[in-house]
Amino acid sequence: MGGQPGTAASSSKTNVILAYLLWWVTGIIFLFVGKNDPDVKWNAAQSVVVLGGLWLIASIVSIVLLPLGGLIYLVGFVYWVIFLVGAFNYHGGHIAAPGIGQFTNQLTDGLANAVK
Numbered sequence: 001m002g003g004q005p006g007t008a009a010s011s012s013k014t015n016v017i018l019a020y021l022l023w024w025v026t027g028i029i030f031l032f033v034g035k036n037d038p039d040v041k042w043n044a045a046q047s048v049v050v051l052g053g054l055w056l057i058a059s060i061v062s063i064v065l066l067p068l069g070g071l072i073y074l075v076g077f078v079y080w081v082i083f084l085v086g087a088f089n090y091h092g093g094h095i096a097a098p099g100i101g102q103f104t105n106q107l108t109d110g111l112a113n114a115v116k
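According to the numbering used here, the sequence shown is numbered sequentially starting from 1.
Source of the hints: derived by calculation from the structure; they are not laboratory data. Honestly, I wouldn't trust all of these hints.
Listed next, with one range per pair, are the computed distances between beta-carbon atoms [said to hold, decoys possible]:
#1 Val64 - Lys35: 35 to 45 Å
#2 Ser62 - Ile100: 18 to 28 Å
#3 Gly70 - Phe103: 16 to 26 Å
#4 Gln102 - Ile57: 40 to 50 Å
#5 Leu107 - Val25: 34 to 44 Å
#6 Pro67 - His91: 17 to 27 Å
#7 Leu22 - Ala114: 36 to 46 Å
#8 Ala114 - Val25: 28 to 38 Å
Below 35 Å or equal to it, Euclidean Cα-Cα: the simulated DSBU-like pairs (lysine-lysine) are [said to hold, decoys possible]:
#9 Lys35 - Lys116
#10 Lys13 - Lys116
#11 Lys35 - Lys13
Nothing here was measured: the structure is a model prediction, and the numbers come from that model. Here a beta-carbon is modelled for each residue, glycine too, at the ideal position from N, C-alpha and C.
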């Protein structure tokens, strides 16, 4: 039985990595797959809120101003790398979104809590 906590932690870490792996797409999947693990669910919700939000804004802006849309995609890519590095170094809890965490945490909490 001593191996179970390590297995659970390993599974949680893997699920957090996968929640960020394909931006908001895997975030949506792991909102439901990881719904019994609050940390996985929260990180999946953050993937949807931050990376999905940036993707949506960049897509809309690109229709009118292509260079600005490209810049927003670049910001999204930087956050994606930050989240993946955080996920690979994951030891439980939430991975912070630098600079925008105070704005996105409320949305992330709301989305994570909406999935039962």
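Hints and how they fare:
no.: 1; hint: Val64 - Lys35: 35 to 45 Å; verdict: holds (38 Å)
no.: 2; hint: Ser62 - Ile100: 18 to 28 Å; verdict: holds (20 Å)
no.: 3; hint: Gly70 - Phe103: 16 to 26 Å; verdict: holds (23 Å)
no.: 4; hint: Gln102 - Ile57: 40 to 50 Å; verdict: violated (18 Å)
no.: 5; hint: Leu107 - Val25: 34 to 44 Å; verdict: violated (18 Å)
no.: 6; hint: Pro67 - His91: 17 to 27 Å; verdict: violated (39 Å)
no.: 7; hint: Leu22 - Ala114: 36 to 46 Å; verdict: violated (21 Å)
no.: 8; hint: Ala114 - Val25: 28 to 38 Å; verdict: violated (18 Å)
no.: 9; hint: Lys35 - Lys116; verdict: holds (7 Å)
no.: 10; hint: Lys13 - Lys116; verdict: holds (21 Å)
no.: 11; hint: Lys35 - Lys13; verdict: holds (14 Å)
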